[in-house]
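Enquirer: Listed below, chain by chain, are the residues.
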Amino acid sequence: MRSVYVVAGGISKFAKARPDKTFPAIVKESYELLLEDLGIEPKQAFELIDGTVASYFSDHFLRQLKGATMVQDYLGLCPKPSHRVEGGGATGGLAFQEGWKSVASGNMDVCLVFGFETMSHVNTWKGNEFIALASDVSFDYPVGGFYTGYYAMMVVRHMQEFGTTPEQLAHVSVKNHANAFYNPYAQKREKLSVKDVRNSPMVAWPLTRRDVCVMSDGAACVLLASEAGLKRIEKACAKSFPKVKVSGIGRGTDAMRMADRPHKKVILLPHEKESDYKNLKYPGVHSFRAGRMASKQAYEMAKITDPLNEIDFIELHDAYTSSEIQTYEDMGLCKYGEGGQFAESGATFMPSVDYGLKLKQKTICPVNPSGGLIACGHPVGATGLMQGVFALWQLQGSIKKHFKDDKLQVKNAKRGIIHSHAGTGTYVSVSVLEKEM
Amino acid sequence: MEETKKTKKNKTETNGKSSMNGVKISQEKTAIPETDEGTILFNVPFPKELDERRLKDLENYGPIIIKQPYHIDYIHSYGQDSPFFAGLANKKLLGTECEECHSKFATPRLSCTECGSKCKWIEVPLKGKIHTFTVCYFGSEAFLKETPFVLALIEFSGFDTCFLTRIVGLDPDKPSLDWVGMDVKAKFVRNSKFSPTDVYFVPEER
Chain L
1 MRSVYVVAGG
11 ISKFAKARPD
21 KTFPAIVKES
31 YELLLEDLGI
41 EPKQAFELID
51 GTVASYFSDH
61 FLRQLKGATM
71 VQDYLGLCPK
81 PSHRVEGGGA
91 TGGLAFQEGW
101 KSVASGNMDV
111 CLVFGFETMS
121 HVNTWKGNEF
131 IALASDVSFD
141 YPVGGFYTGY
151 YAMMVVRHMQ
161 EFGTTPEQLA
171 HVSVKNHANA
181 FYNPYAQKRE
191 KLSVKDVRNS
201 PMVAWPLTRR
211 DVCVMSDGAA
221 CVLLASEAGL
231 KRIEKACAKS
241 FPKVKVSGIG
251 RGTDAMRMAD
261 RPHKKVILLP
271 HEKESDYKNL
281 KYPGVHSFRA
291 GRMASKQAYE
301 MAKITDPLNE
311 IDFIELHDAY
321 TSSEIQTYED
331 MGLCKYGEGG
341 QFAESGATFM
351 PSVDYGLKLK
361 QKTICPVNPS
371 GGLIACGHPV
381 GATGLMQGVF
391 ALWQLQGSIK
401 KHFKDDKLQV
411 KNAKRGIIHS
421 HAGTGTYVSV
431 SVLEKEM
Chain B
1 MEETKKTKKN
11 KTETNGKSSM
21 NGVKISQEKT
31 AIPETDEGTI
41 LFNVPFPKEL
51 DERRLKDLEN
61 YGPIIIKQPY
71 HIDYIHSYGQ
81 DSPFFAGLAN
91 KKLLGTECEE
101 CHSKFATPRL
111 SCTECGSKCK
121 WIEVPLKGKI
131 HTFTVCYFGS
141 EAFLKETPFV
151 LALIEFSGFD
161 TCFLTRIVGL
171 DPDKPSLDWV
181 GMDVKAKFVR
191 NSKFSPTDVY
201 FVPEER
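Which chain is which? The protein sequence lines are L and B, in order. Residue numbers are given in the numbering used here: position 37 of the first sequence equals residue 37, and the series is strictly consecutive. Residue numbers are given in the numbering used here: position 63 of the second sequence equals residue 63, and the series is strictly consecutive.
Among the hints, a few may not be true.
In silico DSBU-like pairs for lysine-lysine, Cα to Cα no more than 30 Å straight-line [said to hold, decoys possible]: (1) L/K243 x L/K13; (2) L/K16 x L/K191; (3) L/K264 x B/K92; (4) L/K264 x B/K145.
One-sided and incomplete, this derived list gives chain L residues near chain B with beta-carbon spacing under 10 Å [said to hold, decoys possible]: (5) E129; (6) A255; (7) D260.
In short, the hints are calculated from the structure, not lab data. Virtual Cβ for every residue (Gly too), placed ideally from N, Cα, C.
Next up, chain L with everything else stripped away, as it sits in the complex:
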């Protein structure tokens, strides 16, 4: 497989509603930012780009099938090759990896991956209903299936198994909202306390409004290239770009129905032993086998054996605060069961931000320096790519240029991960990005 580099990225402003533009125009907004970063016009981009991959989750939000085709057309990229990827919340992360495959395989030298979602065309509860349809419509959805309810059931089991507390969940919300305060692209920027999070309206026990991400209208795109493609881009733009390579790819799946999750043995990472988890029935509904599988594959490919100390930052799919805690464990940043304590320790917080908390542990690996889904918003098809853009800017050292403030710049970032997650952990993608020196 050939080396694949992430060269540039663009995002639109994420907002609760963007009635000012139709979805193709919102994607174009993100594309124009990418072109601005490269310093070229759309006509030149047409010459550079070999093809695209499109990412959006639900036709239901627009009642528009084959929407990606309309975007390809609006960006002026017809008749170049394209296809659309769908994978629930992991759509963006999966599309990123499909772009990687297109370039790594030799099929393309320069590939544009774009993603979008406009969720404001239905009211919030209808939106929740659509999302709930991403669960077994015969057995789960009719019982009053509702995604926050599913995740709440998982965290209750996590609390029962491991003693995780709602206050530990709230630490994740405080962290991500505070980080987003310094991110001009974030939908929500609020300085919160643990008490603010716990006192927010309860949605599904014990998750409150501030434990849950928000629906959004938004788009994001990334440009991937081979060695030859990168040379072509640098020639057209008359400048050079830092070499940010995709060094690891991993994916995992699990049963659609939470009720069907097995109670067997942990899939171990190299630094774990079977005796670490003697009595643990896995994954049950407390852990994501898919996340563990995806991490294992990506770490193998990127040659990571000590995740917590070998990764400089992670943009992690925190649709729910509880999901972030469960994912710390799946990714091997801490052992299964220790996620709650890890969440409040300080290890995943940014050293430069004041959270109003007394943290016991110094930063080891910031998680969601951008503010994550909880604060930036979750326009489903765009999210995984938004993470790619923020990760790229971290590794390029260009956070100050794009955020107008370097508070969220992870110093000397050399290796980062983007993690995308669908359903109740039914698809997970993990991609490792590394700056080649």
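Starting from the known structure of chain L, fit chain B onto it as the hints suggest.
Expert: Same frame as chain L, now just chain B:
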């Protein structure tokens, strides 16, 4: 309307912005509930003459947002899972067992999760324990009027997987981790809708 339901049923609710002159203001109590009725409109502002400048100004014309209803009735078949629903209408809870590895599924599936082999129908006991639960104070639009309700996964002795259902008879305003592990028993509605909600669980009396 959903907004008023929220104010009535949420005893723990407060807002993010706390106070003005020391008086606590609740966002929801000082706003008129939103509706999506819209109105009938026969015209919108538009320039009387179109010259180059007015055509350019059209680029800043604010968006027109209209209501577009859509309704579907599906002809949904339960296929090979049909016996489960027939069972519910006859006060029986059916699950399946893999003919190869003998994994037992409390939510029926005719193909085994573990080995992909064929499964056969078996009965599920009408008593189990709460494996996990939540209280849904909000939900999908279709279910908002039923909130708050208790959603739970039930575990059954001898079965490898759980069953998603609702618990009736527990106070939705007093959720507690103590509910995990509670003994519960199945009850069936008399008038079946051929939906998994034909069965629900209640705490077992001592």
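Enquirer: Hint by hint, note whether the structure agrees.
Expert: Going down the list of hints, with the structure as the test:
1. L/K243 x L/K13: holds, 26 Å
2. L/K16 x L/K191: Holds. L/K16 to L/K191 sits at ~19 Å (cutoff 30 Å).
3. L/K264 x B/K92: holds, 29 Å
4. L/K264 x B/K145: The hint is violated at about 38 Å.
5. E129: holds, 4 Å
6. A255: Since chain B brings a Cβ to about 6 Å from L/A255, closer than 10 Å, the hint holds.
7. D260: holds, 5 Å
In this structure, only the earlier hint numbered 4 is contradicted, and the remaining ones agree with it.
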